[in-house]
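**Student:** If you read the sequences in order, they're chains A and B.
Anchor point for the first sequence: position 259 equals 259 in the numbering used here, and the numbering is continuous, going up by one each time.
Anchor point for the second sequence: position 92 equals 1092 in the numbering used here, and the numbering is continuous, going up by one each time.
None of these hints come from the bench; they were simulated from the model.
All values reported here derive from a predicted model rather than from experimental measurement.
Think of the CB as a built atom: it goes at the ideal place given N, C-alpha and C, for glycine as much as any other residue.
Any given hint could turn out to be false.
Computed cross-link-like contacts, SDA-like style, restricted to lysine to any residue with a CA-CA straight-line distance of at most 20 Å [to be verified]: (1) B:Lys1095 to A:Lys377; (2) A:Lys377 to B:Leu1246; (3) A:Lys252 to B:Lys1242; (4) A:Lys60 to A:Val106.
Here are some, though not all, of the chain A residues that point toward chain B, as calculated from beta-carbon distances under 8 Å [said to hold, decoys possible]: (5) Tyr115; (6) Glu118; (7) Asp130; (8) Tyr131; (9) Tyr249; (10) Gly250; (11) Lys252; (12) Gln254; (13) Lys374; (14) Asn378; (15) Ala380; (16) Met462; (17) Leu465; (18) Arg467; (19) Thr469.
To give an idea of the chain B side of the interface with chain A (calculated C-beta under 10 Å), a few residues [claimed, not checked]: (20) Lys1095; (21) Glu1098; (22) Leu1141; (23) Asp1184.
Listed here are the chains, written in short residue letters.
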Amino acid sequence: MKSKKTKYSKSKYKLKKYRHRKKKSVFARAKRRFSEYFSYWTKQGYRKQRNWIDLDNASKLFPSVMNATDTKVFRFTATVKDDIDPKLLQMALDQSYKHFPLYRGVLRRGIFWYYYEESDLHPVVEKETDYPCRSLFHYDEKQLLFRVLYYRNRIHLEVFHALSDGTGASWFLQLLITNYVLLRYPESRSERIELPEEFQYTRYESGSQLDDSFTRYFNKKKNEKSINVKEMNPDESEKRKWKRVYQIYGRKTQDNRMQIIESEMPAKDLLKISKDRNITLSVLLTAIFIESIHKTIKRKNKERSVTISVPINLRQFYQSHSARNFFATTLIGYTFGQEGKTDTFDEICECVAEQYSTATKVENIEHKLFSLVKLEKNLALRIIIRPLKNLILRLANKINNLSITAALSNMGKISFPKNIEEYVDQIYVYITASRPQFACITHKGILTINFSSPYQDTEIQMNFLRRLTEMGIPVTIGANDVNPPNTKQDADHSDYLFEQQLVQRENQA
Amino acid sequence: MKYCNSCKIKIKGSPRVCPLCKEPAVDAITKFSKEESTKAGTKNAELSEVNSIEADGSFDPFPIVPLHYKQYTLLTVLSAISIFVYVIMWLIYLKFPESGLLPRYIFFALVSLWLLVSAIVRKRRNVAKSILYQFNILSVLLLLLDKLSDWSGWSITYAIPLLVCVALFAIIIAIGFIQKEFGDYVLYLGAVAIAGLIPLLFIIFGWVDVLWPSILSIALSSIMLILLIIFRYRLIVHELKKRLHL
């Protein structure tokens, strides 16, 4: 049936083409081509002066340091009740796209810096057929910095980190999913939509969305007052001395795809455990992560630090509705094998909790950001041409990475308008990474912890999740296949090996 | 839905092994029936939960994507051919030194081929940029060739000025038919036009005896520049501001 249809359409196409050829003589066609050619030089449309904006402080790093493995793309996944209807998803995307002028931007290269340029491109939803978080930026192509994919009952929003951070992208996701559910389930429209408190419409206003909050708050000239405040408070968080920061290495996946392991669990249970210990959820997860990484270290006789890079959303400290990047990172860690310490889980928790409380103080973040923005505005750095700047940034990033073992980001809670909420199930989020990393987000009381890693090894993830199940938390996981059989023969062979393995096991038992 | 006995974790979809510990995963249902036959009373509650999850029908959360490697086959084949050709030529030269096939010419030819082709491939997305690169590479190569074969000045007398004219026409014709935004091309067109003024130096310093190619190139380039400045001044300023912002 299907082949017939394509055949028919093909022949129809050919016929049409043929007719068209017969009608117009060679001369007429040449005339048309030439009139088209000359219209290029006269039409106004081709002379459009595109609006452009500069990248913000955090974004400047991403296009320079991205590579084939670490594409700096992150993905939000929302699961809804039924399989996705692509046409309705496209309609929902069209509606949401209108409200986010930022997402119309394409990234381009200048002589000194990258910049965003406005485009007329139109996003198209696609079925997910490739591995997650493929690269979204090519230096010589104008392409949008996000994509929307669907698979079964899942909607994926993939965003290049230079465009937006998790919080900014989650607003787009909220709008996209809300629009989709309203289209897909007409019964959800009957009631008046009640927006939750954090769902203000102002966020979709174009002016506030494109705001470069880094320059607004951390440009020295404009904010001398806060600098004075800073100088009065001597730096409390003296740089901790890490001892030989552990670096995770492993077998890379064969074609540079990310190893994704998503896990979901009731948030309530975890919150109860963290309350019993009198710590926050972030502290608990960080401590478990540090502990599970430490379990994989082979030689434990010497002092070794395990450090975790944690992003802090700055919108909680500074009034900003910018959908662009507005975050800072801080380093939280624990040194194992110190004298007078037994490295129990309680000790790790205590140490981590203390670091969280100092790291999330406004003045400590402010200090770092002022210096970062100052560095960005440094004339000597600014006049270096971009290719050289890329090299410098890449090198600086490598050096900085030497003090980081792994990373995590807690996205907190995400919610949807009341009548939409019942159609939306779990939300997942993950980030490409040059080292094992996880991101977590809570929706409708389900916490999802999503690991991404460039390596095939899963020991850290296993330690982490086993630790959770030991605490009595029911965990469900899902993973992508990083070593799929390439041919049918391969598949059959691995089936055979697997059966053999099972038989052996039964014999042993 | 599967279940891993060692991790005590439910697994979505139907993987044969637990993605975490690589141990074989059991079907949530078989586990349930097996355990029921052994009848461990305390475990019943946990098992009924496992079973209930199975009922809602889970599937693999990710599509299975076959491995794809970057295809460098053509590149390796071409480099092998280049090396092969070079070695053969070298051998021919050793056998017949009087043939005039100097190995340095062969080397030069291969290197220039590689340079030109790689520039075309890398810059294929912007035709004006591609032509600018081709023009630059070719000019340098021709200068070198002139130098290699006992300097007689043909490169700066004829080759480079005429190359400028060709490049200018090529850009104007190509972008008119491609019909994309002029802003993407205007600066490259301008750059070629400015390069077309370089033969002025050749005339001033008296490096060339035959003047007409240089004059042709200067004339064409200056006409192009003047036209650009008169008709596209605002666009050029806009593009320059955008690309040169500090």
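**Student:** For each hint, tell me whether it holds in the structure or not.
**Tutor:** Evaluation of the provided hints:
no.: 1; hint: B:Lys1095 to A:Lys377; verdict: violated, 64 Å
no.: 2; hint: A:Lys377 to B:Leu1246; verdict: holds, 9 Å
no.: 3; hint: A:Lys252 to B:Lys1242; verdict: violated, 39 Å
no.: 4; hint: A:Lys60 to A:Val106; verdict: holds, 14 Å
no.: 5; hint: Tyr115; verdict: holds, 7 Å
no.: 6; hint: Glu118; verdict: violated, 11 Å
no.: 7; hint: Asp130; verdict: holds, 6 Å
no.: 8; hint: Tyr131; verdict: holds, 5 Å
no.: 9; hint: Tyr249; verdict: violated, 19 Å
no.: 10; hint: Gly250; verdict: violated, 14 Å
no.: 11; hint: Lys252; verdict: violated, 13 Å
no.: 12; hint: Gln254; verdict: holds, 5 Å
no.: 13; hint: Lys374; verdict: violated, 15 Å
no.: 14; hint: Asn378; verdict: violated, 11 Å
no.: 15; hint: Ala380; verdict: violated, 11 Å
no.: 16; hint: Met462; verdict: holds, 4 Å
no.: 17; hint: Leu465; verdict: holds, 6 Å
no.: 18; hint: Arg467; verdict: violated, 11 Å
no.: 19; hint: Thr469; verdict: holds, 5 Å
no.: 20; hint: Lys1095; verdict: violated, 45 Å
no.: 21; hint: Glu1098; verdict: violated, 47 Å
no.: 22; hint: Leu1141; verdict: violated, 23 Å
no.: 23; hint: Asp1184; verdict: holds, 8 Å
When each numbered hint is compared with the structure, violations occur for hints 1, 3, 6, 9, 10, 11, 13, 14, 15, 18, 20, 21, 22.
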